[in-house]
Amino acid sequence: MKKTIFFLVGIMMVSSIGFSAEKKSLESSLSSIENQFNELIKKEEAQKESYRQQKAQLEAEVEDLKSKQTSREKLLEKLKVDSEVRWHRDKYKKILNNAETIYKNINKSIAEKEKKIAELDTLLSVMN
1 MKKTIFFLVG IMMVSSIGFS AEKKSLESSL SSIENQFNEL IKKEEAQKES YRQQKAQLEA
61 EVEDLKSKQT SREKLLEKLK VDSEVRWHRD KYKKILNNAE TIYKNINKSI AEKEKKIAEL
121 DTLLSVMN
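Numbering-wise (my numbering), the sequence shown opens with residue 1 and increments by one.
Some hints could be false.
Pairs of lysine-lysine, DSBU-like flavour, derived with a Cα cap of 35 Å [stated by the list, open to error]: (1) K80 x K93; (2) K93 x K78; (3) K78 x K115; (4) K74 x K93; (5) K68 x K93; (6) K74 x K48; (7) K55 x K42; (8) K66 x K113; (9) K55 x K113; (10) K91 x K113; (11) K48 x K108; (12) K43 x K78; (13) K43 x K55; (14) K66 x K3.
Simulated restraints on C-beta separations [as the list claims (entries may be wrong)]: (15) Q57 x S29: 39 to 49 Å; (16) E27 x D64: 23 to 33 Å; (17) H88 x A46: 53 to 63 Å; (18) D121 x S67: 19 to 29 Å.
What the hints contain is simulated information worked out from the structure, not anything from laboratory work.
Please read these numbers as outputs of a predicted model, since none were measured by experiment.
Note that the Cβ used here is the ideal one computed from N, Cα and C, for glycine as well.
Please take these sequences and the hints and turn them into a complete structure.
This is the structure in structure tokens:
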């Protein structure tokens with residue numbers, strides 16, 4: 001009888017020690033997972049902020065390019081008139097051609113930046 005009681009008490013002690021060890025390791029693994037999750041959340045927020053700043057910068061650049069584009073019409077009109085009337089027609093025509101190429105490039109860059117802004121918008125909406 002003493003042997004069985006001693007044996008049962010021994011089994012209970014071993015099982016309680018084993019259970020507490022499992023509980024501690026489970027708690028430590030849970031806290032480790034929570035820490036990793038929190039780090040990922042922080043990194044995601046930093047990435048979102050980076051995307052927001054990039055979007056704001058692109059929008060400012062697009063506004064600047066559009067303002068340059070609106071002044072384009074006045075300049076091109078003046079150059080067209082000057083190339084017809086002035087003595088140095090060839091020089092005015094070269095300037096006019098250069099201005100047209102520059103404004104075509106401005107239009108291309110506006111389109112590219114608006115496309116990037118749209119991509120950032122969709123990316124930010126997915127991340128939220």
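Each hint tested on the structure:
1. K80 x K93: 8 Å, holds
2. K93 x K78: Holds. K93 to K78 sits at ~11 Å (cutoff 35 Å).
3. K78 x K115: OK: K78 and K115 at ~32 Å, within 35 Å.
4. K74 x K93: 16 Å, holds
5. K68 x K93: Status holds; Cα separation ~20 Å.
6. K74 x K48: Violated. K74 to K48 sits at ~40 Å, over the 35 Å cutoff.
7. K55 x K42: Holds: K55 and K42 sit about 20 Å apart, inside 35 Å.
8. K66 x K113: 12 Å, holds
9. K55 x K113: OK: K55 and K113 at ~9 Å, within 35 Å.
10. K91 x K113: 33 Å, holds
11. K48 x K108: Answer holds: K48 to K108 is near 27 Å, not above 35 Å.
12. K43 x K78: 53 Å, violated
13. K43 x K55: Holds, because 18 Å separates the two Cα atoms, which is no more than 35 Å.
14. K66 x K3: Measuring from Cα to Cα gives roughly 93 Å; hence the hint is violated.
15. Q57 x S29: 39 to 49 Å: 42 Å, holds
16. E27 x D64: 23 to 33 Å: 56 Å, violated
17. H88 x A46: 53 to 63 Å: 57 Å, holds
18. D121 x S67: 19 to 29 Å: Because 22 Å falls inside the window, the suggested range holds.
The structure fails hints 6, 12, 14 and 16 (numbered hints given earlier, in ascending order).
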